[in-house]
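J.: Going line by line, the protein sequences match chains A and B.
The numbering of the first sequence is our numbering, which starts it at 1 and goes up by one.
The numbering of the second sequence is our numbering, which starts it at 1 and goes up by one.
Treat the hints as calculated values from the structure; they're not laboratory data.
The beta-carbon is built from N, C-alpha and C at its ideal position, and this holds for glycine as well.
Be aware that a few hints might be false.
Result set (DSS-like, lysine-lysine): computed pairs, CA atoms no more than 25 Å apart in a straight line [unchecked claim]:
1) Lys-341(B) to Lys-49(B)
2) Lys-341(B) to Lys-361(B)
3) Lys-406(B) to Lys-276(A)
4) Lys-128(B) to Lys-108(B)
5) Lys-72(A) to Lys-306(B)
6) Lys-234(B) to Lys-222(B)
7) Lys-276(A) to Lys-374(B)
8) Lys-276(A) to Lys-410(B)
9) Lys-306(B) to Lys-276(A)
10) Lys-268(B) to Lys-145(B)
11) Lys-234(B) to Lys-149(B)
12) Lys-411(B) to Lys-276(A)
13) Lys-72(A) to Lys-68(B)
Chain A stretches covered by chain B per the calculated footprint, using a threshold of three residues with CB under 8 Å from any CB of chain B [stated by the list, open to error]:
14) 65-79
15) 165-172
16) 252-263
17) 274-282
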Amino acid sequence: MPAQTPVITPARPQPSDLAAASKPRRRSTASRRNRAAIWFLAPACLMTAVYVLYPIFYTIYLSFFNWDGMMKPEFIGLANYVEMLHAPTFHVALKNNLTWLLLFLLAPPAGLIAALYLNQKVRGIRLIKTLFFAPFVLSGVVVGLIFSWFYDPTFGLLTLLLGHGVPVLGDPRYVTFGIIFAALWPQTAYCMILFLTGLTSINADQVEAARMEGAKGWSMLRYVILPQLRSTTFMAFVVTIIGALRSFDLISVMSSGGPFESSTVLAYYTYDQAIKYYRQGYSAAIAVTLFAIMLIYIVYQLRRLLRDER
Amino acid sequence: MKKLFCTSLLAALLVSALGSAAAGTLAVNIAYKGASQRAVWQSTLDEFKKANPDVDIKAAFVEEEAYKVQLPGWLSTQAPDVINWHNGERMAFYASRGLLEDLSEDWKKNKWDEVYASTKDASSYKGKQYALPTVYYSWGLFYRKDVFKTAGIAAEPKTWEELLDACNKLKAAGVTPFAVGGRDSWTLAGWFDYLDLRLNGNVFHQQLMAGEIPYTDARVKKVYTAWKTLIDNKYFIDNSLSYDLDGAQPFLFQGKAAMMLMGTFIAKGFPPKLAANMGYFQFPIIDAKIPTAEDGPAESIHIPSKARNKVDAHRFLAFVGTPAISAKLAEGLGSLPANSKSPEPTESISRIGFQILSNTKGGIAQFYDRDMTKEMADEGMKGMQKFISDPGKIDEVLNELEQSRKRIYKKS
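Produce the entire structure from the sequences given, and follow the hints as far as they go.
T.: Rendered as structure tokens:
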């Protein structure tokens, strides 16, 4: 019977419930509070539904259609996915996404090193901090342009340093690495900021105690600092991996996926198919695939996190 | 559902174009590149307004790349009354979906059949006209006059032998003969078009564009082989795939390269100091037996079939279709007037371009990616980039293109 079990969230407040004056007082306060919570949550839920959930489900729905964005969509079942699995470009994009994922993981350690270096009390460190932070403030397009000039095989700085031109962005063997390297620049700065914030919240007493026990250098970092930075590290990795999977802007600016689609990734391939060839359904299928990859990864990470928390 | 999707996607950018257009308001959407192009369109609209005070004009200027993205959305939902776009396959894509107004009546009524005879084919889809051509431009070889002189080249090359000879002289003088920005794959397509038009002629070229000829055909390979000779002799700048059109021009401006195959529309962007030093000539003849054909892509304006104020839209087209307006647009866009009654251009490069196109005997092609479906064109241009990065792979590239042709044109 509902009255005997402690119900915290009544599914729906019935009019009879409200009218019943004989109910215990505690319960009516609780339900009122819950109702208020629902009202406070409602705008956010509505926004999420309209701008996040609806597009996701509509994209999944769309991926079963052949649609040029203008005429009537035609249901074709899984044909988009079948075609995608046979398309050489899809495999190139997937491979490049993996390369991005692996190399991007250099950003958190690099950010940690930069943060440890900057977390000192030295004259002028603020200026150096600002310089390290600068790339993160730049938009991806600007970073892409700067690196395009840097890589220019005739006039660029890299050519001056090496003494001869290397067509980093014009050679299918180097182009992806060249772009990832450029993307690592702001990403490292991002991770550095995360770690710097983490470092300021470290318990000073513990560090002091550890120092009195004789810990310093590597052992201090390994057994005292890093464990306290665990949640920051987790954040840094999640942000970096999502950043790697949705990489798009730098590719668009630096190579447009070229030469001959050798540097494309799933996100760019999605855009290409929808915007250039008006293949909304096919493009949706690629987007759903990318979404699934991200979802699997995020669920895996969240589960790990929850297990650790317990 | 579809409508909701499209409108929400484009809403932010469309507000100006979608607003409630009352009767007597003409909504015009214009794609433009750079301030000078925008200005010439604006003044054309102003003149129309002066001549037709009863019409209110609501113009939306959209940068060309963004325009390409938004156009399908407009055409299938709430369309403006007039749009500018490209002839040929680009137009046919929308005409075949019933999204453009049939203008055949206007063509008859306004006598466009005569003055736009050379661009009528490109304006037609299944025997009906869907476009009013505005301007077109010529393609040819731009060159540095002073560099030619110091390398000891007496005259502009007219034949293939003369061109190769000029290249050798330039190499000896330490100058790379050709600049090309291969990152923009269409700049490579210009080379393919001209080598194919000169080696195999326009009839073959058009059949190839229409997907009727396999890419494994010996004549296609001949084009790539001729191209490979130029690459093997190092006549093109190093690492051309690293440069787009803007990145390739400094080679010319700095005198590191002597020539560039390009459309006349770039002439407006030359630095003033160098402009007098830049010459322009027709792509040399390779096989004297083949009638010379040229690339002459046309721009055009159209009325979407979902336009609300079609009456005024037809009036606007008739206005732009006059020789004077056509000449004015051409002047402002750095191109040639599509109207044959328009006065000849006065500026020297435009005039050479005008003569090249009016003397052509083999016909006018629209350009690689405007003569065939977008998807096949992109596959073809990707193939060219692959070929440039390793010219030894001709057969591999052509086999892949043949696979794409079978898939895209549904040939087995």
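J.: So, for every hint listed, does it hold in this structure?
T.: Each hint tested on the structure:
With a CA separation close to 23 Å, the supplied pair Lys-341(B) and Lys-49(B) stays within the 25 Å bound. Annotation: proposed proximity of Lys-341(B) to Lys-361(B) holds, straight-line Cα distance about 20 Å (limit 25 Å). In summary, the hint linking Lys-406(B) to Lys-276(A) is supported, as the alpha carbons are separated by about 20 Å, within the 25 Å threshold. Of the supplied pair hints, the one linking Lys-128(B) and Lys-108(B) holds, its CA atoms being roughly 11 Å apart against a limit of 25 Å.
In summary, the hint linking Lys-72(A) to Lys-306(B) is supported, as the alpha carbons are separated by about 16 Å, within the 25 Å threshold. This hinted pair checks out: Lys-234(B) and Lys-222(B) have alpha carbons roughly 19 Å apart, not beyond 25 Å. Taken as a hint, the Lys-276(A) and Lys-374(B) pair is honoured in the structure, with Cα atoms around 8 Å apart against an allowance of 25 Å. Between Lys-276(A) and Lys-410(B), the direct Cα distance comes to roughly 20 Å. Compliance with the 25 Å bound is thereby established for this hinted pair.
Of the supplied pair hints, the one linking Lys-306(B) and Lys-276(A) holds, its CA atoms being roughly 23 Å apart against a limit of 25 Å. Distance restraint check for Lys-268(B) and Lys-145(B): the Cα-Cα separation of roughly 17 Å lies within the 25 Å cut-off, and the hinted pair is therefore satisfied. Straight-line distance between C-alpha atoms of Lys-234(B) and Lys-149(B) comes to about 21 Å, which keeps the hinted pair within the 25 Å bound. With a CA separation close to 23 Å, the supplied pair Lys-411(B) and Lys-276(A) stays within the 25 Å bound.
Using a Cα cut-off of 25 Å, the hinted pair Lys-72(A) and Lys-68(B) holds, with the two alpha carbons roughly 21 Å apart. For the stretch 65-79 of chain A, the assignment as covered by chain B holds, since 5 residues bring a beta-carbon within under 8 Å of that chain's beta-carbons and 3 suffice. Requiring three or more residues with a Cβ within less than 8 Å of a Cβ of chain B, the coverage given for the stretch 165-172 of chain A holds, as 7 such residues are present. Coverage of the stretch 252-263 of chain A by chain B holds in this model, with 6 residues showing a Cβ closer than 8 Å to a Cβ of that chain against a need of three.
Given a C-beta distance limit of less than 8 Å, the hint that chain B covers the stretch 274-282 of chain A holds, as 4 residues qualify and 3 suffice.
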